[in-house]
Amino acid sequence: MQPKKKSEFAKQPTGDKVLLVICYTILGLFLVAIIFPVIYIILSSFIDPITLQNKGVTFDFSQWTLTAYERVMSNAQIWVGFRNALLYSIAATVLGGVVTLLAAYPMSRPDFRGRGFFSLIFIITMFFGGGLIPTYLLINNLGWLDNPLAILVPGAFSVWNMIIVRTYYQGIPRDLQEAADIDGASEMDYFFKILIPVCTPIIATISMWNFVGMWNSYFDAMIYLNDPNKQPLQLVLRAILIQSQPEPGMVSDMQSTAERAQLAELLKYATIIISSLPLMIMYPFFQKYFDSGIMAGAVKG
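Counted the way our numbering counts, the sequence shown spans residues 1 to 301.
Hints are not guaranteed to be accurate.
Straight-line alpha carbon distances no greater than 20 Å define the calculated DMTMM-like cross-link-like pairs of lysine to aspartate or glutamate that follow [unchecked claim]:
| # | residue 1 | residue 2 |
| --- | --- | --- |
| 1 | K230 | D220 |
| 2 | K230 | D146 |
| 3 | K193 | E178 |
| 4 | K55 | E70 |
| 5 | K193 | D181 |
| 6 | K193 | D175 |
Hints are computed from structural coordinates only; laboratory data are not their basis.
I would like the entire structure built from these sequences, with the hints used as guidance.
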């Protein structure tokens, strides 16, 4: 009879076992702290607002309703905001990725003259900014008020993303470029045909960061975009969550203030779920690149 193999945990010293138990316990508590609010929001979006207010979450399905989702899905402004948020996020992902990849390449080259100077300039911008009023005046002078460029161009370049990509570039063997030089490839050929294809993990990582950042952003749009047809979904969500003001038409048949408040409470949860769906759908496809991209950009400094 073959002896039973010990698990990896059983092979660890006593001190390591205690440390692992503590770490897993802390991670479990974090998981519960994250999962519980998500489950609560999902369940609350289906429960009648009066029942939710008086009894809380219940599994009596006779008290459940699809009213919130019906009103959210039938409201035109929700879909306009959803479309705008998706377009802005895609545009910010592409623009930010192109600018970051191009800026990080010369900063990764040891033979680039002035690399130290530009690094200092970039790092300064991480700690100091022009402020809201000068930025608003600049956007106004450029004629970008009520223009999507006002929320896309200023945030197109991220110094942090550039540092991560630069570090990733530096981790690629120089033999690739030497072989390309021997074959007669130009600098542009090496960058676009050789370097970029091997940088898929880091490109996916910064693309995920850019997309999520723009999707969740609302402050710049609130400042610069006044036309409701150009505002992203997060401003509609903000009106429902913070101001408790559902969009016109969502509560048009509600007369009393109490009924309006109850429906607004129910719409909060449904809108949160709908606005989070794109991120929940896309993250599993980016996860493997996200993990490898972060580690590869953090190993070498």
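Outcome of the hint check:
| no. | hint | result |
| --- | --- | --- |
| 1 | K230 - D220 | holds (12 Å) |
| 2 | K230 - D146 | holds (8 Å) |
| 3 | K193 - E178 | holds (14 Å) |
| 4 | K55 - E70 | violated (23 Å) |
| 5 | K193 - D181 | holds (13 Å) |
| 6 | K193 - D175 | holds (15 Å) |
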